[in-house]
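Asks: Sequence:
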Amino acid sequence: MLSRAFTKPKRSPKHGDDVTRSASILHEYEDCIVGFMDDIPLVVCDAVKSYCPGARGEPTLREVLRASVGVMGESCLGITEKLVFLGGAVRALKRFRAVAVRKGEFGRRLQRMAQISRRCDHLVPVLAYLYSKRIKFVLCVYYPMGSLHDLLSGGRDCGHTALSWSQRLLILFTAAKAILFIHSLSPPKEKKMQMNVHGNIKSANIMINADFTACLSDYGFAQLARRVDVSDTGQAQGTPLPPTAVAESLYSDEMSQKGDIYNFGVVMLDIICKKKAAQEYRKCILRKKEKIVEGRIDFFDFSAEEKERSEAMQVLEIALQCTNEVAEERPPIEQVLTAISDVFERVI
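Going by the UniProt record's numbering, the first residue of the sequence shown is number 1, and it counts up by one from there.
For the record, the hints were derived by calculation from the structure and aren't laboratory data. Only a predicted model underlies this, so the values are computations on that prediction, with no experimental measurement involved. Glycine is no exception: its CB is placed at the ideal position from the N, C-alpha and C atoms. There could be a bad hint or two in this list.
Label pairs and their calculated CB-CB ranges [what the hints assert, rightly or not]:
id, residue 1, residue 2, range
1, Asp342, Glu305, 13 to 23 Å
2, Ser256, Gly88, 37 to 47 Å
3, Gln335, Leu185, 16 to 26 Å
4, Ser310, Lys192, 25 to 35 Å
5, Arg226, Glu345, 34 to 44 Å
6, Asp46, Asp121, 17 to 27 Å
7, Glu294, Glu345, 24 to 34 Å
8, Asn324, Leu185, 20 to 30 Å
9, Asp229, Lys191, 28 to 38 Å
10, Arg287, Ser186, 33 to 43 Å
11, Asn196, Lys307, 33 to 43 Å
Keeping only pairs whose Cα atoms sit at most 30 Å apart, straight-line, the calculated DSS-like set for lysine-lysine is [what the hints assert, rightly or not]:
id, residue 1, residue 2
12, Lys258, Lys274
13, Lys103, Lys82
14, Lys258, Lys192
15, Lys103, Lys191
16, Lys177, Lys283
17, Lys307, Lys192
Please construct the entire structure, taking both the sequences and the accompanying hints into account.
Replies: Listed below in structure tokens is the structure:
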């Protein structure tokens, strides 16, 4: 199994592949451990008190390569995969296309991010990582419910509402709490690392618990990975972009708190609007606002009676403020959370 020669993958896996045992790109790297007397252990983050991937001892590259793999999503930063270890444990693996820092700095930043993720119930814990010549990845906690993007797109593809209004509000409320935690971190900077900014907030990075609370993933990863154009991954010119790339184009890549607010505004639009309405985005929504208020167009992505429509309009107003083109006019996360909380408390 470990004897075949290394072949660099020519293209990234297509979005939407089933989470089954597949010919993942990870298996293209099995030769990384050929020639070593011992297996390569992953670096377990100091913040993790107890961790076992289903085998004894620390997780290793060999165990990762032998795990059953399924592609869950991809972006300009990298690919997210589901790993089922031989012992039965399940983890999420974030594999970067290209990194922006060297090995020592990569490890130092990951260790710090792991410490911070353990301090907030609404951040996805970072467990372990590997930095080698040809492959760099991070192992994280896996969420069986998937991401907000999964739930929304799955429901739309099946032609029914996947989430109730109260569940959507709970997701927004808990995700906003995670952003507030990040934006409140002090000191704001540590050794060239911006601590109080997430940098990559989007629906695919909002993981959902069984009780429909949210956990924000990929905190700090935008400061580790280098964004890679679709054309750099083997995407043929003239080929339509995958759905994830189209959706990702709505988000800002600005590394600032105002950039985070803008992206959370996009998430809010996505969670309350139908897919078409979210793609039409801010200017079209503003033009149709009167019709939306009066209920003359089918706008919301859930069954909205008069009371729910009124509450959803309040959230829509917050989302429009967050996606203001003028960064200085976007509200701080404290104000956003307070506004969402006011609506949420009337619903529960």
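Asks: Work down the list of hints and note, for each, if the structure agrees.
Replies: For each hint, the structure was consulted:
Distance hint check: the CB atoms of Asp342 and Glu305 are about 19 Å apart, consistent with the given range 13 to 23 Å. Under the hint 37 to 47 Å, the C-beta atoms of Ser256 and Gly88, about 42 Å apart, fit the expected range. Checking the proposed 16 to 26 Å range against Gln335 and Leu185 shows it holds: the Cβ atoms sit about 18 Å from each other. The hinted window of 25 to 35 Å between Ser310 and Lys192 is violated, with their beta carbons roughly 47 Å apart.
A hinted range of 34 to 44 Å holds for the C-beta pair Arg226 and Glu345, which are about 42 Å apart. A beta carbon spacing of about 20 Å between Asp46 and Asp121 agrees with the range 17 to 27 Å that was offered as a hint. Restraint check, Glu294 to Glu345: a C-beta distance of roughly 26 Å satisfies the suggested window 24 to 34 Å. Between Asn324 and Leu185 the beta carbons are some 24 Å apart, a value that agrees with the proposed interval 20 to 30 Å.
Under the hint 28 to 38 Å, the C-beta atoms of Asp229 and Lys191, about 29 Å apart, fit the expected range. The hinted window of 33 to 43 Å between Arg287 and Ser186 holds, with their beta carbons roughly 42 Å apart. Range check, Asn196 to Lys307: about 37 Å between beta-carbon atoms, so the 33 to 43 Å window is met. Taking the CA atoms of Lys258 and Lys274, the gap is near 25 Å; set against the 30 Å cutoff, the hint holds.
Note on Lys103 and Lys82: the hinted pairing holds, with a Cα-Cα distance of about 24 Å set against a maximum of 30 Å. In summary, the hint linking Lys258 to Lys192 is supported, as the alpha carbons are separated by about 19 Å, within the 30 Å threshold. For the suggested pair Lys103 and Lys191, the alpha carbons sit about 15 Å apart, so the restraint of at most 30 Å is met. For the given pair, Lys177 sits about 28 Å from Lys283 by alpha-carbon distance, which is consistent with the 30 Å threshold.
A C-alpha spacing of about 48 Å is found between Lys307 and Lys192, which places the hinted pair above 30 Å, so the restraint is violated.
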